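Listed in order, the protein sequences are those of chains A and B. FYI, in my numbering the residues of the first sequence are 1 to 199. FYI, in my numbering the residues of the second sequence are 1 to 199.
Please keep in mind that the hints were generated in silico from the structure rather than gathered at the bench. The reader is advised that the hints may include incorrect statements.
Unchecked claim - Capping the alpha-carbon separation at 20 angstroms, the derived lysine to any residue pairs in SDA-like fashion look like this:
#, chain 1, residue 1, chain 2, residue 2
1, B, Lys27, B, Gly54
2, B, Lys34, B, Ala98
3, B, Lys34, A, Gly120
4, B, Lys34, B, Val44
5, B, Lys27, B, Ala71
6, A, Lys34, B, Gly120
Here the structure is a predicted model, which means the values were calculated and not measured.
The residues making up each chain are set out below.
There are 2 protein chains.
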Amino acid sequence: MADGKTTASARRPSGQRRADAQRNMDKILDAGLKLYSSRPGVSVAEVAEAAGVGRVTLYGHFPSRTELAKALMDRAFEETEAAWEGVDTSGPADAALARVVREQWHLMERNRNLRDNVIGDVSPQWLRARHDPILRRIEELITRGRDDGAFRTDLPVSWLVTSLYSLVHAASDEITAGRLTAAEAPEVLVASLRSLYRT
Amino acid sequence: MADGKTTASARRPSGQRRADAQRNMDKILDAGLKLYSSRPGVSVAEVAEAAGVGRVTLYGHFPSRTELAKALMDRAFEETEAAWEGVDTSGPADAALARVVREQWHLMERNRNLRDNVIGDVSPQWLRARHDPILRRIEELITRGRDDGAFRTDLPVSWLVTSLYSLVHAASDEITAGRLTAAEAPEVLVASLRSLYRT
DNA sequence: TCGAACTCGTACATGACTGTTCGAGTTAAG
DNA sequence: CTTAACTCGAACAGTCATGTACGAGTTCGA
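Could you build the full structure based on these sequences and the hints that come with them?
Structure follows, in structure tokens:
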């Protein structure tokens with residue numbers, strides 16, 4: 001997780017962060033996640049206020065708006081990676097995919113919004129590099145389904161991956177617009193993907 | 001088209017705009033369309049420069065950033081409405097939908113990008129009100145297909161409409177990413193929608 | 001050709017955001 | 001309990017965008 005030279009600035013010589021500092025970092029990341037994943041153009045001041053923390057304190061932990069955004073994405077990606085561990089991807093690919101969608105779709109949706117709203121704060125390359133591992137897991141699952149004859153082969157794998165994300169995003173919009181309930185959404189998604197992917 | 005009390009500010013008493021003024025408005029709208037549909041956060045200064053026009057001149061025609069954005073959307077919507085007239089929507093719904101997609105998909109894509117990038121400049125209500133008529137045309141076509149037994153009825157019509165737009169957007173992203181060519185895109189789209197919509 | 005319409009650059013007032021500095025107060029940790 | 005880590009507000013400098021005002025020049029239109 002993360003890396004040695006993370007986003008945090010000052011550390012104590014021991015290498016440990018003080019407890020209250022860690023707590024504040026968490027509060028900032030929580031607030032940032034909520035704001036950033038809901039709308040673009042969030043300001044550092046807003047995040048600080050939502051976190052119940054002074055703006056200067058925030059800058060003490062995240063030296064720039066960009067670093068904050070990166071930390072946000074990092075945490076979201078880690079969370080997603082961790083969530084994958086909990087999903088059973090064995091057995092028939094179509095059933096496995098349905099399980100993945102049902103259990104992870106709102107995580108995928110949040111990441112997508114986050115991703116959309118930090119564009120301009122971090123470089124596309126950075127974003128792509130971080131997102132790639134997650135994309136590849138889905139890609140592998142789909143490829144397996146194609147090899148097994150469960151999924152269609154007349155369209156590029158990359159297209160199937162992209163349309164999955166696209167429909168997840170669409171489902172989230174439909175919920176926001178009140179045209180779909182949170183309960184219906186995963187079922188609609190699974191049904192749509194089943195049609196879209198089948199041979 | 002448009003309406004009586006358009007975005008333009010000064011008019012001659014005759015009600016006619018001078019030829020050079022009209023020309024500049026067009027240049028501004030052209031440049032604005034290009035910029036706005038390619039990325040968010042475009043500034044008025046950028047549009048003016050891209051149009052080869054002074055910033056003050058732009059403000060002379062469009063009193064505010066918001067009005068400029070509205071004019072942009074208005075023109076795009078009018079263009080789309082006009083394009084509908086040229087498409088044959090008679091006959092079997094599935095074939096008609098394929099024709100619509102093939103002939104209009106890049107117009108739909110551009111409007112979608114435009115729409116995404118003016119969020120924050122115009123109210124969601126305004127946007128929705130203008131976009132609704134276009135949405136309704138697709139909705140009607142899909143509804144007809146359902147009544148004819150050509151399209152599935154186990155998912156909401158609104159969802160079918162939304163996923164159409166969503167996949168169009170996805171296809172455009174794939175082209176940008178170099179994973180799909182402009183020639184392949186409409187075919188991939190039609191094939192996907194056929195699977196997604198069929199009973 | 002004459003006047004009104006139009007354009008242009010420059011300049012100004014205003015506001016929002018970013019990132020930094022300072023000093024004084026608070027809190028965790030050993 | 002003592003020190004170093006941390007937090008806070010206030011204030012500052014720098015940048016960038018919006019929208020307005022002015023005055024002088026250019027161009028259309030009748």
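Hint check results:
1. B/Lys27 x B/Gly54: 12 angstroms, holds
2. B/Lys34 x B/Ala98: Not OK: lysine 34 of chain B and alanine 98 of chain B at ~27 angstroms, beyond 20 angstroms, violated.
3. B/Lys34 x A/Gly120: This hinted pair holds, its Cα atoms lying about 18 angstroms apart.
4. B/Lys34 x B/Val44: Judged against 20 angstroms, a Cα distance of about 13 angstroms means the pair holds.
5. B/Lys27 x B/Ala71: The hint holds at about 13 angstroms.
6. A/Lys34 x B/Gly120: 18 angstroms, holds
Of the numbered hints stated above, the single one contradicted by the structure is hint 2.
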